[in-house]
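A.B. asks: Turn these sequences into a full structure, and let the hints steer you where they fit.
Taken in sequence, the protein lines are chains A and B. Following our numbering, the numbering of the first sequence begins with 2 at its first residue and continues without gaps. Following our numbering, the numbering of the second sequence begins with 2 at its first residue and continues without gaps.
Simulated from the structure, these hints should not be mistaken for laboratory data. For clarity, every value in this text was computed on a predicted model and none was experimentally measured. Positions of the beta carbon are idealized from the N, C-alpha and C atoms, including for glycine. There's no promise every hint is true.
[Claimed, not checked] With a straight-line Cα cutoff of 20 angstroms, these simulated EDC-like cross-link-like pairs (lysine to aspartate or glutamate) come out:
(1) K294(A) - E75(B)
(2) K225(A) - D110(A)
(3) K324(A) - E71(B)
(4) K294(B) - E75(A)
(5) K324(A) - E75(B)
[What the hints assert, rightly or not] Covered stretches of chain B, as calculated for chain A (at least 3 residues, CB under 8 angstroms):
(6) 42-51
(7) 64-76
(8) 297-309
(9) 325-339
[Unchecked claim] A short, non-exhaustive set of chain A residues, derived as facing chain B with CB atoms under 8 angstroms:
(10) K9
(11) A39
(12) E45
(13) L72
2 protein chains.
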Amino acid sequence: MTFRFSLKAQQGAARAGVFETPHGPIQTPIFAPVGTQATVKAVEPRELSELGASLVLANTYHLHLRPGDELIAELGGLHRFMGWDGPMLTDSGGFQVFSLGDLRSIDADGVTFRSHLDGSVHRFTPEVSIRIQHNLGADVIMAFDECPIPDNRESVLAALDRTHRWLGRCADEHARSGDANRQALFGIVQGGIYEDLRAESVRQVCGLDLPGYAVGGLAVGETKADMYATLEITTSLMPADKPRYLMGVGSPEDLVHGVARGVDIFDSVLPTRVARNGAALTRLGRINMRNQKYASDPEPIEPGCTCYACTHFSRAYIRHLVKASEILGHQLLSIHNLHLLLTLVREMRAAIMNGTFADYATAFLANYEPVGAQKGLSLPAR
Amino acid sequence: MTFRFSLKAQQGAARAGVFETPHGPIQTPIFAPVGTQATVKAVEPRELSELGASLVLANTYHLHLRPGDELIAELGGLHRFMGWDGPMLTDSGGFQVFSLGDLRSIDADGVTFRSHLDGSVHRFTPEVSIRIQHNLGADVIMAFDECPIPDNRESVLAALDRTHRWLGRCADEHARSGDANRQALFGIVQGGIYEDLRAESVRQVCGLDLPGYAVGGLAVGETKADMYATLEITTSLMPADKPRYLMGVGSPEDLVHGVARGVDIFDSVLPTRVARNGAALTRLGRINMRNQKYASDPEPIEPGCTCYACTHFSRAYIRHLVKASEILGHQLLSIHNLHLLLTLVREMRAAIMNGTFADYATAFLANYEPVGAQKGLSLPAR
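C.D. replies: Quick look at the structure:
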């Protein structure tokens with residue numbers, strides 16, 4: 002079997018595993034950098050390798066519109082197109098088209114929407130999304146689902162029903178026109194912040210024998226407390242022998258809380274997005290490199306960090322680059338931020354393997370100051 | 002002597018040499034990438050090393066205004082600040098302040114100007130420029146000169162007189178407060194397109210015993226024919242035992258014509274500026290990567306090129322990045338464009354060393370299609 006998942010160690014709900022893909026194994030837990038338009042913004046593929054990235058994401062919605070999934074297929078697929086030879090994952094495009102607001106209309110069969118680029122009309126159905134993802138050729142492809150507002154029970158319920166029916170259609174289309182040895186279809190559990198709906202969604206989604214399952218619809222507006230509680234109950238119901246992917250989550254504290262609740266895979270644009278805004282992620286929290294206090298600071302972004310940015314440049318220089326709108330600032334902050342998240346998941350994996358994860362997680366969160374006032378949320382009982 | 006220049010071979014006017022600096026030797030002829038704000042735009046210092054760059058430029062005007070030359074001095078100088086351990090050169094700031102138009106006023110003693118960043122008032126004199134360049138700490142520093150409109154004899158004459166008087170003041174200030182073993186002051190020959198004024202400027206500028214001399218005031222609006230003719234007469238009058246730097250010139254054809262006329266050092270923002278606009282320099286000419294014809298082209302930017310961009314990515318991918326305004330497009334095109342110019346000067350050096358430069362230059366120019374209609378300008382007689 003091409004897509005084998007093996008658990009190597011567990012501590013509480015936290016898991017260390019290996020997920021085999023046609024482009025190599027993914028050591029879990031893992032954080033996946035996002036290359037929306039077939040490039041992780043301002044980072045070269047050789048730099049992703051150097052950072053120890055394994056899984057890289059790309060977005061179906063964006064690539065379908067530009068340059069086109071058929072063009073990418075003609076050129077040998079996404080891996081060759083963007084020069085990334087490691088494992089890849091594409092989303093279904095659902096999240097993006099539902100986010101288009103007035104530019105889209107949903108019906109029982111799919112979603113009709115206007116391109117944010119040129120206003121042209123397009124239609125995604127479960128079958129269309131799967132066929133586009135076949136053209137892109139990522140190792141992991143995602144079911145076409147609907148991500149509702151998490152704390153509106155009625156909208157969650159309506160979306161859930163659609164999500165489950167659409168999952169069946171995605172699986173059928175993948176069986177019909179796909180290659181299960183080349184691409185693994187993951188189902189997505191929805192249900193907002195409602196325990197009963199999450200349980201029902203797990204029953205329906207994980208009732209289908211798929212190579213992996215995602216938790217969708219979190220980190221989309223609910224409180225962190227709701228997010229962590231929902232995640233905890235959801236993963237506790239999911240099968241232990243399949244990888245679990247928490248979609249769109251990537252702050253340092255969320256990675257720790259997620260792993261503590263049994264998540265294996267994360268992705269987020271956060272590290273590269275905050276880099277573009279001149280911010281660095283550190284083990285103490287997020288820092289704004291525009292701050293005047295760094296103007297003559299000879300220290301690296303994060304003392305002790307072994308990334309290229311921290312081993313070669315001062316905060317004063319990074320601040321200068323950011324203030325002067327120099328691209329190198331974006332490049333170096335992206336490298337540093339990705340390095341932190343990839344180091345964090347490696348450290349968590351090692352801690353799970355040697356039985357020290359609970360201590361590791363507690364210590365990390367004690368030092369880390371999250372954005373906003375969310376500090377002090379508990380880890381699950383050991 | 003720290004700054005020793007040795008000629009290794011000559012063919013016609015073309016020279017291969019070595020210029021020793023405190024940060025290592027520069028094999029000439031050389032092209033110097035420009036890091037205006039202490040960064041070569043979108044290129045990491047480790048990538049400059051990989052490309053074989055040796056001399057890197059930075060701009061006194063920009064760094065004086067932001068982050069400030071005193072701050073850079075406090076942080077250990079420009080080399081440490083920007084993470085470039087090889088030879089560096091700073092301009093005098095003269096060209097930039099004279100380019101400010103209505104924002105500056107010139108008098109016999111210097112130039113008063115307003116910052117393009119915040120409108121604050123500043124004043125450069127020869128002494129100020131030299132002291133700023135001492136703070137920055139580049140290996141080669143430039144005299145504060147005036148670059149006039151090249152084909153207005155009256156303005157050229159007035160500027161020439163100032164340039165020569167200011168050179169004396171720069172040399173005095175460098176002798177007074179500088180360290181000739183740490184920083185070499187180059188004088189700048191001006192004179193527009195007028196043979197007699199160039200000859201007079203060479204007499205005055207090269208009459209001072211300096212470690213090197215630049216040719217300024219070319220590639221600023223005159224025709225290519227005038228530029229090459231002026232360059233040829235100017236270098237023929239300059240001392241053979243000192244490096245000759247043609248300022249602000251960097252198109253492939255100009256490098257070949259320049260070396261054929263005895264130039265040792267070039268600099269230009271051209272390779273990174275055209276990269277930002279989505280253009281690639283190739284041995285056949287400049288190409289616009291936005292062109293529809295590259296949409297599904299699996300070939301690299303330039304077949305046979307050994308740069309990171311060409312060995313890993315297709316024209317189709319580069320076009321996608323440029324069309325999607327992705328920073329990686331700027332990064333990869335900058336790498337490729339710098340690679341071409343640095344390879345070109347290395348090839349010319351090798352050809353001079355083995356006596357095949359005339360053939361090399363003729364063959365290169367026969368294949369190369371310059372922008373505009375300037376093809377076919379003659380090389381100097383062998």
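A.B. asks: Of the numbered hints stated earlier in the document, which are not met by this structure?
C.D. replies: Numbers 2 and 10 - these are the hints that the structure violates, sorted from lowest upward.
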